[in-house]
Amino acid sequence: AQKITQTQPGMFVQEKEAVTLDCTYDTSDPSYGLFWYKQPSSGEMIFLIYQGSYDQQNATEGRYSLNFQKARKSANLVISASQLGDSAMYFCAMREEGTGNQFYFGTGTSLTVIP
Amino acid sequence: GAVVSQHPSRVICKSGTSVKIECRSLDFQATTMFWYRQFPKQSLMLMATSNEGSKATYEQGVEKDKFLINHASLTLSTLTVTSAHPEDSSFYICSARRTGRETQYFGPGTRLLVL
Numbered sequence: 001a002q003k004i005t006q007t008q009p010g011m012f013v014q015e016k017e018a019v020t021l022d023c024t025y026d027t028s029d030p031s032y033g034l035f036w037y038k039q040p041s042s043g044e045m046i047f048l049i050y051q052g053s054y055d056q057q058n059a060t061e062g063r064y065s066l067n068f069q070k071a072r073k074s075a076n077l078v079i080s081a082s083q084l085g086d087s088a089m090y091f092c093a094m095r096e097e098g099t100g101n102q103f104y105f106g107t108g109t110s111l112t113v114i115p
Numbered sequence: 001g002a003v004v005s006q007h008p009s010r011v012i013c014k015s016g017t018s019v020k021i022e023c024r025s026l027d028f029q030a031t032t033m034f035w036y037r038q039f040p041k042q043s044l045m046l047m048a049t050s051n052e053g054s055k056a057t058y059e060q061g062v063e064k065d066k067f068l069i070n071h072a073s074l075t076l077s078t079l080t081v082t083s084a085h086p087e088d089s090s091f092y093i094c095s096a097r098r099t100g101r102e103t104q105y106f107g108p109g110t111r112l113l114v115l
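As given, the protein sequences belong to chains R and D, one line each in that order.
Per this note's numbering: the first sequence = residues 1 to 115.
Per this note's numbering: the second sequence = residues 1 to 115.
Chain R extracted, bound-state conformation (with noise of 0.2 Å):
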């Protein structure tokens, strides 16, 4: 199975408007780490925000949300207010804490912000 599913191979926003990029993932351990990136054309991979498995409130930086709805195993990013240099592939991944440094990645999200 998955680890980590991306289901929107590709996004369209307005520019200023928000943008919700889905992501669920699949784990059986009770202590793990959730990442989102974002690797725009020149390929280089910037880390966006992280949200423990053991956080109690969602995990935000900047202009950068993450919805964490632990029950429904999801880790879903809003980018507010978006901008025309946020169009770029976004990965979602998590680390489990059993399975050492290992991150799983997602298939990523390709988003384009809209003038």
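Heads up, some of the hints might be wrong.
Using 30 Å as the maximum straight-line C-alpha spacing, the simulated DSS-like pairs for lysine-lysine come out as follows [what the hints assert, rightly or not]:
1) D:Lys66 / D:Lys55
2) R:Lys16 / R:Lys73
3) R:Lys16 / D:Lys14
4) R:Lys16 / D:Lys66
5) R:Lys73 / D:Lys41
6) D:Lys14 / R:Lys3
7) D:Lys41 / R:Lys16
8) R:Lys3 / D:Lys41
Just so you know, these hints were derived from the structure itself, not from any lab.
Position chain D relative to chain R; hints supplied.
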């Protein structure tokens, strides 16, 4: 911040030659570094986990004799693609995990083209 550099950023080589890619953590020590491969429009595929002072752990299906990994110090890991062939052409990206931190920080990647 946590900065990871990668060198070279782009390399073109003839079939049969070997190519060495360096990954450095510039402002932190990393006992563990990771090497990924990414095909166009696809997700990252973990190739191996590089541990300082010990042998790398390779993922299933990755030829350890073809992709030599050395982690000689807490800030440097190298990936050598030996006897490269056109099918080895890809985007190779490394990451490092800061000791005691959850997040992996990625280098800018290396685009390898084997002619």
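Now for the hints, and whether the structure bears them out:
A hinted pair counts as satisfied when its Cα atoms are at most 30 Å apart, and Lys66 of chain D with Lys55 of chain D qualifies at roughly 15 Å. Under the criterion of a C-alpha separation no larger than 30 Å, the hint pairing Lys16 of chain R with Lys73 of chain R is consistent with the structure, at around 28 Å. Under the criterion of a C-alpha separation no larger than 30 Å, the hint pairing Lys16 of chain R with Lys14 of chain D is inconsistent with the structure, at around 47 Å. Of the supplied pair hints, the one linking Lys16 of chain R and Lys66 of chain D is violated, its CA atoms being roughly 47 Å apart against a limit of 30 Å.
Between Lys73 of chain R and Lys41 of chain D, the direct Cα distance comes to roughly 26 Å. Compliance with the 30 Å bound is thereby established for this hinted pair. Restraint check for Lys14 of chain D and Lys3 of chain R: the C-alpha separation of about 37 Å exceeds 30 Å, so the hint is violated. Annotation: proposed proximity of Lys41 of chain D to Lys16 of chain R holds, straight-line Cα distance about 26 Å (limit 30 Å). Between the alpha carbons of Lys3 of chain R and Lys41 of chain D the distance comes to roughly 19 Å, so the proposed pair stays at or under 30 Å and holds.
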